[in-house]
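Student: The chain contents come next:
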Amino acid sequence: MSLLTETARVLLNGLQTGAIYVLLAMGLSIILGTLKFVNFAHGALYLLGLYAGILISQQTDFSQGQLAEYGLSTLGLDWGFLAALLLVPLIVFVLGIAMERFVARPFYDRPDTDQILFTFGLAIVVQQVVRILFGGNSQNFAQPGWAAGPVALPLVGGFPQWRLWVIGITAVLVMIVYGLIEFTDFGLVVRAGTQDAEMVQLLGIRITRPYIAVFGIGAALAGVAGVVGGPLSVVNPTVGTDILVPAFITVVIGGLGSVRGAVVGGLLLGITESFLIQWSLVIPSLGIDYGFAPWSQVGIYAIAAIILLVRPQGLFGSEVDVS
Amino acid sequence: MSDESANPADRTETATTVDTADAADTTETEADGGETLGGASSASTVASLQARWESARDRELTVIGLTIVGVSLFPYLFARAPVVSDLLQGYQELASLMLVWGIFAIGFDILLGRTGLLSFGHAALWGTGAYAAGWASANITTFPLLLVAIGVVTAVFLSVVLGWLSLRRGGIYFAILTLAFAQMIYYMASAPLAFITGGDNGLTGVEIGSLLGVFDLGTELPSVAGTLLGTWRYAFIGAFLVLSVTAIYRILNSPYGIVFQAIRENEQRAEFVGFNVWRYKLAAFVLSGTFAGLAGALFTIHGQYVPLSSLYWQTSGEVVIMTVLGGVGSLLGPLFGAGIYLWVEYIVSGGYPFDWIAPYWLLVLGLVFVTVVVLFPEGIWGLVGDLRDRVATRLEER
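First to last, the sequence lines map onto chains A and B.
For the first sequence, my numbering assigns the number 1 to the initial residue and increments by one for each residue that follows.
For the second sequence, my numbering assigns the number 1 to the initial residue and increments by one for each residue that follows.
These are computed hints drawn from the structure, not numbers from a lab.
Where a beta carbon is used, it is the ideal one built from N, C-alpha and C, also for glycine.
Check before you lean on any hint, since a few could be wrong.
Said to hold, decoys possible - SDA-like, lysine to any residue: derived pairs with alpha carbons at most 20 Å apart:
| no. | chain 1 | residue 1 | chain 2 | residue 2 |
| --- | --- | --- | --- | --- |
| 1 | A | Lys36 | A | Leu87 |
| 2 | A | Lys36 | A | Gly287 |
| 3 | A | Lys36 | A | Pro154 |
| 4 | A | Lys36 | B | Pro353 |
| 5 | A | Lys36 | A | Pro284 |
| 6 | A | Lys36 | B | Glu271 |
| 7 | A | Lys36 | A | Gly136 |
| 8 | A | Lys36 | B | Gln314 |
| 9 | A | Lys36 | A | Gln143 |
| 10 | A | Lys36 | A | Pro111 |
| 11 | A | Lys36 | B | Arg394 |
| 12 | A | Lys36 | A | Val200 |
To be verified - Example chain B residues on the side facing chain A (calculated, C-beta under 10 Å, incomplete):
| no. | residue |
| --- | --- |
| 13 | Ile196 |
| 14 | Gly209 |
| 15 | Gly350 |
To be verified - What follows is a list of derived Cβ distance ranges for each label pair:
| no. | chain 1 | residue 1 | chain 2 | residue 2 | range |
| --- | --- | --- | --- | --- | --- |
| 16 | B | Asp389 | A | Arg209 | 39 to 45 Å |
| 17 | B | Ala56 | A | Arg209 | 43 to 49 Å |
| 18 | B | Leu193 | A | Arg191 | 56 to 62 Å |
| 19 | A | Phe186 | B | Gln268 | 32 to 38 Å |
| 20 | A | Pro284 | B | Leu367 | 29 to 35 Å |
| 21 | A | Arg105 | B | Ser254 | 39 to 45 Å |
| 22 | B | Gln268 | A | Pro154 | 55 to 61 Å |
| 23 | A | Ala147 | B | Gln314 | 52 to 58 Å |
| 24 | A | Leu86 | B | Leu193 | 44 to 50 Å |
| 25 | A | Gly157 | B | Gln314 | 38 to 44 Å |
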């Protein structure tokens, strides 16, 4: 492989890994930025999106959970992947709205610590419910038939088609959210609310409704992340909590409440990860051949540490201290 | 919040009433109530007894004395006493494990309960203490006391670094940053440093020598001590628990420790008064890290094995749950939280006689945790305190 091919491959893989982080971080970031609500249960929304996606798109043999004991071992609507891609965001959007109403709202006036504790507990509860219902073993989320297999790209050669779709879907969603926040009246209210919620209310604008919508959109993005990311990763009840940490890192790197920050942060992490997986230091004269794949996870945290030391408010964060 | 802040001693007061009861025993409320009710025959006796108890229970000697009594009776009650132990299904090794986690939790509460900082990265400190002790036992020395010292020193060193990095931003940032750096350490241990840590297999080959070169930790103590405490290992861990409680009591009741509380109540005001808030926060972080490292080293001595999961953020989550469940801000509450958590984790999840609930143990804990956060921010310890106060007022009314 030539250096150019390898670079292109690293970039594409990085974009795909980063895309999932971007989808999660965008939701986390706009919720955190506007509502000042720390959602440790964001991973649970990802998890719910993932399992909803599996149940809608295919029939799965859940052999271990409680449902299997009741004789419901094979579950699923088998409506195909496209149906899942369209329905899951709606389902998780509704879940997000319910969450805003019943989980977040009672906690707006309580300290950050309570919000974190409560949503953390909620994440455990959701994870356990999923585990009890569907079993703790890993499931296979099939890639959609129309996007399975590799596709020949110039320069790169054969590349898994679904990964490209993930990048494409994410790009479209990023543009929609960005447009919504930057160029609509709704976005104007949301941005104003980020600056000074009280002032917006004094101007006679009901800020609660945009807030609910922000929470719903953030949740829906996490649901989409579950559906598009599912076929590329393992599917079991712990993935929600596992992916939460990189998503938070992305938010912190990018800066709170910034869509641009979430995108740049997510892609930075994704590309760092895929670069370290690919890269090995070879110096033949010294007999060194060291692969950096084991460092790939460490790398994203190291990047986060460096950025925070140099620029504590994050790449696109404002100077205003949010704490 | 403000009425509590007015009287800092009040918190420790509630915190020291019922240490005689063992960690997993919920009968403590009755035991405590009974003590007061016992003298109810004549009102004056009650009043004088109560007054004497009120004045005594906050004293250092009372706290430490009751902790010692509790620690010495606990394994007997939990693992060997006729009826109680059958009900609880307890066993000796679990009793020691509860103390180990108890040290972790009461240390963690310096940060969460006193200073008001929520760290999601204490697994790094606990795990590093455990790994340092384990690695040293295979490579340097097998003396338990030295292993503890090595674990503590390593954890202190790490907590200075982690605290310095994470405390650059306050509030939610702190929780996320501690989480992130702890995960970084987890991933370092899992692959790049696997030649030291053993990677996914955990650290095997831990060898624990005898205490002071004389007493084998696995053997039983002589005579009555053996019946009560069981093994030398338990006595060793129990001694460290008593030491930790003493140290934390001293720290929190010193002028220095009161500043932690001031920071929790109102950081800005503490700053205006002239305290260097950042330095106090770092101190609280390092102090809690010290106890996390101590507990981690004891965990290695207890289990003679360090699983990789001891660095994973689930472990941080566990200590958070224990502390909140037991009672944030109380001296001994987290100890009970740790006991209850481990009891559910090891006994309830194990099946008989809890078959009906065994698969749901973590769900139940999660629901209880969420309920505690929403409805009883003072935790189980606070509930016990409320009950005690209610009994006391009813007695006074009579």
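Student: If a hint holds in the structure, say so; if it does not, say that too.
Tutor: Verification of the hints:
1. A/Lys36 / A/Leu87: Violated, at roughly 28 Å.
2. A/Lys36 / A/Gly287: Given pair A/Lys36, A/Gly287 is violated - Cα atoms ~53 Å apart, limit 20 Å.
3. A/Lys36 / A/Pro154: Measuring from Cα to Cα gives roughly 45 Å; hence the hint is violated.
4. A/Lys36 / B/Pro353: The given pair, whose Cα atoms are some 45 Å apart, is violated under the 20 Å limit.
5. A/Lys36 / A/Pro284: violated (53 Å)
6. A/Lys36 / B/Glu271: Judged against 20 Å, a Cα distance of about 24 Å means the pair is violated.
7. A/Lys36 / A/Gly136: Roughly 33 Å separates the two Cα atoms, so the pair is violated.
8. A/Lys36 / B/Gln314: violated (25 Å)
9. A/Lys36 / A/Gln143: violated (36 Å)
10. A/Lys36 / A/Pro111: holds (11 Å)
11. A/Lys36 / B/Arg394: With a Cα-Cα distance of about 44 Å, the restraint between A/Lys36 and B/Arg394 is violated, given a limit of 20 Å.
12. A/Lys36 / A/Val200: holds (15 Å)
13. Ile196: At 13 Å from the nearest chain A Cβ, B/Ile196 fails the 10 Å test, so the hint is violated.
14. Gly209: At 33 Å from the nearest chain A Cβ, B/Gly209 fails the 10 Å test, so the hint is violated.
15. Gly350: Hint on B/Gly350: violated, closest Cβ of chain A at ~17 Å, above 10 Å.
16. B/Asp389 / A/Arg209: 39 to 45 Å: Because 44 Å falls inside the window, the suggested range holds.
17. B/Ala56 / A/Arg209: 43 to 49 Å: Given range 43 to 49 Å: violated, Cβ gap about 58 Å.
18. B/Leu193 / A/Arg191: 56 to 62 Å: violated (45 Å)
19. A/Phe186 / B/Gln268: 32 to 38 Å: holds (35 Å)
20. A/Pro284 / B/Leu367: 29 to 35 Å: Taking Cβ atoms as reference, A/Pro284 and B/Leu367 lie about 60 Å apart, which means the hint is violated.
21. A/Arg105 / B/Ser254: 39 to 45 Å: Distance hint for A/Arg105, B/Ser254 holds at roughly 41 Å.
22. B/Gln268 / A/Pro154: 55 to 61 Å: holds (60 Å)
23. A/Ala147 / B/Gln314: 52 to 58 Å: violated (34 Å)
24. A/Leu86 / B/Leu193: 44 to 50 Å: holds (45 Å)
25. A/Gly157 / B/Gln314: 38 to 44 Å: The hint (38 to 44 Å, Cβ to Cβ) holds, given that A/Gly157 and B/Gln314 are roughly 40 Å apart.
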